[in-house]
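Make a model of the complete structure from these sequences and hints.
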Amino acid sequence: MSIIELNDVSKIYGFGDATTVALEEVNLSIDENEFIAIMGPSGSGKSTLMNVIGLLDRPTYGKYMLSKRSVDKIRTNRRAKIRRDTIGFVFQSFNLLPRLTVIENVALPLAYKGVSLRLRTKLAENMLERVGMDDKKYFYPNQLSSGQIQCVAIARALINSPKIIIADEPTGNLDTTSSRLIMELFSDIHKTGSTVLLVTHNPEITRYASRVVYMRDGSVVLDEKSAIGDIAETAKKTIYKKRPKKTIDDDLAGISAIMNFIPQKSPNKKQTTKKKTKTTKLGKNKIKRKK
Amino acid sequence: MNIPYRDDIFLAIRTIRKTKMRSFLTVLGIIIGIVSVVTIVSIAKGIETQVSNQINSIGKNLIVIRPGRINQNNSNSLINSLNTLSNANSSSSLSQADLNSVASTGSIAESSAINVVNGTIKTNQGSFSESVLGTSNQFPSVINQQLAYGEYFNSSSTDIYQAVIGQNLAYNLFGERIPLGQSFTFHGQTFIVRGIFNKFNAAPLSITADYNNSIFIPYYTAEALTNSTAPINEILAKANTNNNIEGIVKTINKNLLTLHGDQQDFTVLQQSQSLAITTSVLNSITYLIAIVAGISLLVGGVGIMNVTLVSITERTKEIGIRKSIGATNYQILIQFLIESSVLSLFGGLLGVILSFLVDYIIGATTSLTPLINLPILVIAFLLSLTVGIVFGSLPAFKAARKDPILALRYE
Numbered sequence: 001m002s003i004i005e006l007n008d009v010s011k012i013y014g015f016g017d018a019t020t021v022a023l024e025e026v027n028l029s030i031d032e033n034e035f036i037a038i039m040g041p042s043g044s045g046k047s048t049l050m051n052v053i054g055l056l057d058r059p060t061y062g063k064y065m066l067s068k069r070s071v072d073k074i075r076t077n078r079r080a081k082i083r084r085d086t087i088g089f090v091f092q093s094f095n096l097l098p099r100l101t102v103i104e105n106v107a108l109p110l111a112y113k114g115v116s117l118r119l120r121t122k123l124a125e126n127m128l129e130r131v132g133m134d135d136k137k138y139f140y141p142n143q144l145s146s147g148q149i150q151c152v153a154i155a156r157a158l159i160n161s162p163k164i165i166i167a168d169e170p171t172g173n174l175d176t177t178s179s180r181l182i183m184e185l186f187s188d189i190h191k192t193g194s195t196v197l198l199v200t201h202n203p204e205i206t207r208y209a210s211r212v213v214y215m216r217d218g219s220v221v222l223d224e225k226s227a228i229g230d231i232a233e234t235a236k237k238t239i240y241k242k243r244p245k246k247t248i249d250d251d252l253a254g255i256s257a258i259m260n261f262i263p264q265k266s267p268n269k270k271q272t273t274k275k276k277t278k279t280t281k282l283g284k285n286k287i288k289r290k291k
Numbered sequence: 001m002n003i004p005y006r007d008d009i010f011l012a013i014r015t016i017r018k019t020k021m022r023s024f025l026t027v028l029g030i031i032i033g034i035v036s037v038v039t040i041v042s043i044a045k046g047i048e049t050q051v052s053n054q055i056n057s058i059g060k061n062l063i064v065i066r067p068g069r070i071n072q073n074n075s076n077s078l079i080n081s082l083n084t085l086s087n088a089n090s091s092s093s094l095s096q097a098d099l100n101s102v103a104s105t106g107s108i109a110e111s112s113a114i115n116v117v118n119g120t121i122k123t124n125q126g127s128f129s130e131s132v133l134g135t136s137n138q139f140p141s142v143i144n145q146q147l148a149y150g151e152y153f154n155s156s157s158t159d160i161y162q163a164v165i166g167q168n169l170a171y172n173l174f175g176e177r178i179p180l181g182q183s184f185t186f187h188g189q190t191f192i193v194r195g196i197f198n199k200f201n202a203a204p205l206s207i208t209a210d211y212n213n214s215i216f217i218p219y220y221t222a223e224a225l226t227n228s229t230a231p232i233n234e235i236l237a238k239a240n241t242n243n244n245i246e247g248i249v250k251t252i253n254k255n256l257l258t259l260h261g262d263q264q265d266f267t268v269l270q271q272s273q274s275l276a277i278t279t280s281v282l283n284s285i286t287y288l289i290a291i292v293a294g295i296s297l298l299v300g301g302v303g304i305m306n307v308t309l310v311s312i313t314e315r316t317k318e319i320g321i322r323k324s325i326g327a328t329n330y331q332i333l334i335q336f337l338i339e340s341s342v343l344s345l346f347g348g349l350l351g352v353i354l355s356f357l358v359d360y361i362i363g364a365t366t367s368l369t370p371l372i373n374l375p376i377l378v379i380a381f382l383l384s385l386t387v388g389i390v391f392g393s394l395p396a397f398k399a400a401r402k403d404p405i406l407a408l409r410y411e
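Taken in order, these protein sequences are the chains called W and H.
1 is the number of the first residue of the first sequence in our numbering; add one for each residue after it.
1 is the number of the first residue of the second sequence in our numbering; add one for each residue after it.
Be aware that one or more of the hints could be misleading.
[Unchecked claim] Lysine to aspartate or glutamate pairs mimicking EDC-like chemistry, simulated, CA-CA at most 20 Å apart: (1) W:81 / H:314; (2) W:73 / H:403; (3) W:122 / H:151; (4) H:122 / H:110; (5) W:81 / H:8; (6) W:137 / H:7; (7) W:113 / H:210; (8) W:113 / H:7; (9) W:81 / H:176.
It should be emphasised that the hints constitute simulated quantities derived from the structure, not laboratory data.
In structure tokens:
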């Protein structure tokens, strides 16, 4: 059952001679509980597509059906409410409000919904626990590392239990370890039944996706199914460095296979590694398993 | 429509606390505006209270006959009020005959003319020019005022060169608190101080002389000193009843008209009316000045608008983020309106605190007793709130209408 359906959607910026075609007759149908990675070079219209799907932008032409309902002619305020209730955004630059604490940031979408302060705080605490950030709830964003900030941003995107999570290069500003943690979070979200749309430049990320959409010059050029745990076939071609051989262990680890490709840190740095991985449930499991 | 009002208010307060200096400078205009308006209105309020105290202490049955014609019609309009003042100060048309006529009117228990003698007073402390008033021996009871020390002169006394002084003069003229028996020279005669009045409930800016700074001498002495040329400033008459004062006023007016050959060159008033005129003049002036002072509130409002506009540009990204997580335009609008309102209310609060201080200083250094009461505080509160909303609305509308995508991209 398709939750998102785009029919000949075009987006054109500017007027007269100075027009830019950001999206050109994009047709895309996304089913519930898909994990879609969107790849493509800069300027290929990935972000515009995300903005259109996320109801931040209106297509110039074409039809957009969200949950089988046309949302093209809906007024701005109504769109804001749909956005609030059904879509969660995660950005490359995190976009937490610097003047609010972690828990206030997470609870903000609930505030706009009109949820009482007490319930809001409780829900936000639960959500922070889920992403492993409950011990940092009274911190301000500038007191956290970028990986932690992204965890908080994901918690904020999830707080309204949205059907769709839109992530625009969520790991773009993160180091490999944090990227892995964040991707595991997305994988968890996907498992709980949400539809995840994720823009990325990194072929490794396509391991988590069930489907990869390639874009170029505003059009979808390729749409391929991909097994979770494997790098998508086309994406593989963009990897230049030689990859280590796959072992049986990797298959067993499933979606966590990517972890094995990351070299272990030297023993004297182990302390810091522990601290970082401790913050998520998954990290804890990993440490236990090693012992 | 769900609006996190409370969060917005707390956030706005937190912002002010974090950026104290900036917030203070932003609301400086509001502070100055509120201080000026509150101070001026509170001074007027204080005077009004003093006047009504004076009416109460004198008694409602006091009738005042003044020279000149006071137009009481349309006394609400400012121009007329100002004319009233100048008329009241015109030279006297009252005479001894008028006094006799008033005194012989039925229902009048006691009466006293007041005439003003100009001249210089010499004491052992130096020379002074204070107002010297000739009054009859009934004067204290006519105006309902007790003497603090000594006694008022009586008509049977053979010594006509005696005086009673207002409380403020005791120390000024003689350098001591109770200068009974002290003497001063006036028009070549030596006067002995026989009594000192209690402090009068003086109303500032009132037409009557400031009794606390006056010297009272017997009426016949004043006549003698000036060969009966001293103008009669006013005639005070006290009715023996509190009822139908207006009827008595009419009777006196009629009698005096006959004496003056049908010329209405005098005015007969109840004391309360006479004070009411003072108050209405004062009110007109006060509210005019208050409006002028309120202009500085406009300047303050523009200051707030300016800073809010800058802050909205600074916080474009924040607006984009808020919209992306589901804030409606209306919610953004309310957020910024609340922010500017809290800011200007903060200015109003500082302004009110400062005006208490200013009023205290005014009260301590002048004879005015400014009065800040609840209505004034409510006015100050509403004024600053209005300024915040009016001048915050343009930036808030601008913020609400920002395109979320452009706003998100803003660095």
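For each hint, the structure was consulted:
no.: 1; hint: W:81 / H:314; verdict: violated (25 Å)
no.: 2; hint: W:73 / H:403; verdict: holds (17 Å)
no.: 3; hint: W:122 / H:151; verdict: violated (81 Å)
no.: 4; hint: H:122 / H:110; verdict: violated (33 Å)
no.: 5; hint: W:81 / H:8; verdict: holds (19 Å)
no.: 6; hint: W:137 / H:7; verdict: holds (17 Å)
no.: 7; hint: W:113 / H:210; verdict: violated (67 Å)
no.: 8; hint: W:113 / H:7; verdict: holds (13 Å)
no.: 9; hint: W:81 / H:176; verdict: violated (81 Å)
Consistency with the previously given hints fails for numbers 1, 3, 4, 7 and 9, ordered from lowest to highest.
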